[in-house]
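Trainee: What follows is each chain in one-letter form.
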Amino acid sequence: MAGEKKGLVLLDYWVSPFGQRCRIGLAEKGLEYEYSEQELLGDRSELLLRSNPVHKAVPVLLHDGRPVCESLLILHYLDEAFPNSPPLLPADPYARAQARFWAAYSDKVYEVGTRLWKLRGEEQARARDDMVEVLGNLDGELGDKAFFAGEAFGFVDLAVAPFTPWLPSYGRYGGFSVEREWPRLAAWARRCAGRESVAKSLQPPEKVDEYINVLKKHCGIND
Amino acid sequence: MAGGGGDGQLRLLGFWPSPFVHRVSLALRLKGLSYENVEEDLGNKSELLLASNPVHKKIPVLLHGGRPVCESMLIVEYLDDAFPGAGQAVLPADPYDRAAARFWAAYIDNKFFPALIKALMGTTEEEKAAATADTFVALETLEGALAERSGGEGFFAGDAPGFVDVALGGFVGWLSAWDKVTGVKLLDAGRTPLLAAWAERFASLDAAKSAIPDVDRIAEFAKALQARSAAAAAASD
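Chains U and R, in that order, are what the protein sequence lines are.
Quick note on the numbering used here: the first sequence kicks off at 1 and runs consecutively.
Quick note on the numbering used here: the second sequence kicks off at 1 and runs consecutively.
I should point out that these hints are in silico values taken from the structure, not numbers from a laboratory.
One or more hints might be untrue.
[Unchecked claim] Here are the simulated BS3-like pairs of lysine-lysine, each with C-alpha atoms no more than 25 Å apart in a straight line:
{"id": "1", "chain 1": "U", "residue 1": "56", "chain 2": "R", "residue 2": "111"}
{"id": "2", "chain 1": "R", "residue 1": "111", "chain 2": "U", "residue 2": "108"}
{"id": "3", "chain 1": "R", "residue 1": "185", "chain 2": "R", "residue 2": "223"}
[Claimed, not checked] Just the calculated beta-carbon pair ranges, DEER-fashion:
{"id": "4", "chain 1": "U", "residue 1": "110", "chain 2": "R", "residue 2": "67", "range": "26 to 32 Å"}
{"id": "5", "chain 1": "U", "residue 1": "45", "chain 2": "R", "residue 2": "152", "range": "43 to 49 Å"}
{"id": "6", "chain 1": "U", "residue 1": "144", "chain 2": "R", "residue 2": "217", "range": "47 to 53 Å"}
{"id": "7", "chain 1": "R", "residue 1": "32", "chain 2": "U", "residue 2": "168", "range": "36 to 42 Å"}
{"id": "8", "chain 1": "R", "residue 1": "217", "chain 2": "U", "residue 2": "45", "range": "48 to 54 Å"}
{"id": "9", "chain 1": "U", "residue 1": "114", "chain 2": "R", "residue 2": "153", "range": "36 to 42 Å"}
[Stated by the list, open to error] Just so you have them, the derived chain U footprint on chain R, three or more residues with Cβ under 8 Å:
{"id": "10", "stretch": "60-73"}
{"id": "11", "stretch": "186-197"}
{"id": "12", "stretch": "221-232"}
A quick note: this is a predicted structure, and the numbers were derived from the prediction, not measured.
C-beta: ideal position from N, C-alpha, C; glycine also.
Throw the hints in and build the complete structure from the sequences for me.
Mentor: Spelled out as structure tokens, the structure:
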């Protein structure tokens with residue numbers, strides 16, 4: 001496409017855990033890219049609307065101008081388009097299927113977490129029960145391993161790590177402590193935070209909590 | 001392992017009306033893979049199902065040499081990965097095309113299907129009407145995707161069915177049955193001509209003829225489901 005910017009551009013938003021998945025993936029693969037901060041609370045840019053007309057959401061990866069949307073799909077694309085860089089997904093077909101399953105499942109952390117800070121009363125209580133189930137399932141899958149697939153940091157760790165700075169806030173809204181209820185998951189979160197690609201991409205929990213307050217105001221929630 | 005699965009290696013835990021199960025049957029047939037069908041009673045789920053999909057407890061589950069793979073489109077991707085020599089690849093080779101195919105399959109799951117189910121099972125007439133409108137919006141979006149992706153050929157993937165065709169193809173029985181159940185014609189050549197033609201073309205594939213149950217059976221099932229849901233809603237008023 002004549003005139004299209006060459007190379008990789010990531011349309012993203014500073015605190016988006018889905019965008020952070022892509023930043024971690026790009027870092028793990030040692031790929032150069034331009035980070036483009038998008039406006040989400042105000043008007044979306046022409047570029048974002050053109051690149052993701054269906055969902056109008058970040059992250060979007062532009063490769064030589066062509067858009068790839070959805071965080072997990074972007075990660076698959078990076079592996080497939082850049083086969084000479086360290087793979088994010090395992091090679092074995094069964095291991096790949098398991099990795100995809102758990103990475104997709106972890107989207108629920110954000111989905112349920114949003115209900116937790118947005119809703120009140122019975123609906124919030126249901127969100128709390130759902131969050132306990134999701135975190136319990138993730139903790140169960142992790143087990144006593146260092147990382148989800150075993151000894152080494154892999155696809156599922158990459159997919160789940162960006163939600164970890166949100167957990168203290170979710171814990172407050174839901175009345176639970178990740179440290180107390182799922183110590184293995186808490187230890188895993190600290191282990192991931194020690195990894196350079198993750199440390200460089202994630203926001204601290206205080207900033208995330210501040211952001212949730214901004215979102216609450218935006219939604220007209222005053223408590 | 002072309003044609004693999006004949007030694008009892010592949011078992012599909014399913015439920016005959018489920019469009020998600022149909023997707024997997026379609027992919028297995030397109031790839032020429034033999035498998036054993038295990039029909040589940042969703043009101044009384046088997047130990048095998050609960051042990052194979054403890055997180056969601058849902059069908060379809062594919063068991064390959066006893067190891068479970070869950071989620072219909074993940075199963076389809078797995079079949080491509082695990083049986084590279086078998087029949088045609090469901091996903092295309094090019095990374096960008098693969099990303100586009102996965103995107104549209106996700107759209108079908110996250111936008112089309114939720115609207116469709118609410119259009120059938122919504123608790124009020126208003127809810128059902130709004131969901132029906134949403135379903136039409138999703139179909140119109142998919143019409144655009146078909147125009148863009150097919151390159152003028154008959155399927156989302158081009159001249160042969162691929163990932164998105166399977167993702168939406170799982171629903172062809174339901175889409176055909178819909179106006180028998182609700183009186184609403186979802187695939188209307190006036191609104192979405194490409195999609196209406198695609199559905200006919202897809203349904204006439206050998207794989208579809210054997211994987212998709214008879215439309216009248218589906219219509220009967222859908223009517224019963226709708227009636228049960230309406231009764232439950234009325235009972236809770």
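Trainee: Give a verdict on every hint.
Mentor: Hints, one by one, checked against the model:
1. U:56 - R:111: holds, 14 Å
2. R:111 - U:108: holds, 16 Å
3. R:185 - R:223: Since the Cα atoms of residue 185 of chain R and residue 223 of chain R sit roughly 15 Å apart, the hinted pair holds (cutoff 25 Å).
4. U:110 - R:67: 26 to 32 Å: holds, 29 Å
5. U:45 - R:152: 43 to 49 Å: violated, 32 Å
6. U:144 - R:217: 47 to 53 Å: Given about 48 Å between the Cβ atoms, the range holds.
7. R:32 - U:168: 36 to 42 Å: violated, 52 Å
8. R:217 - U:45: 48 to 54 Å: holds, 50 Å
9. U:114 - R:153: 36 to 42 Å: holds, 40 Å
10. 60-73: holds (count 5)
11. 186-197: Violated, because only 0 residues of the stretch 186-197 of chain R bring their Cβ atoms closer than 8 Å to Cβ atoms of chain U.
12. 221-232: It is violated: at least three residues are needed, and the stretch 221-232 of chain R offers just 0 whose Cβ sits closer than 8 Å to chain U.
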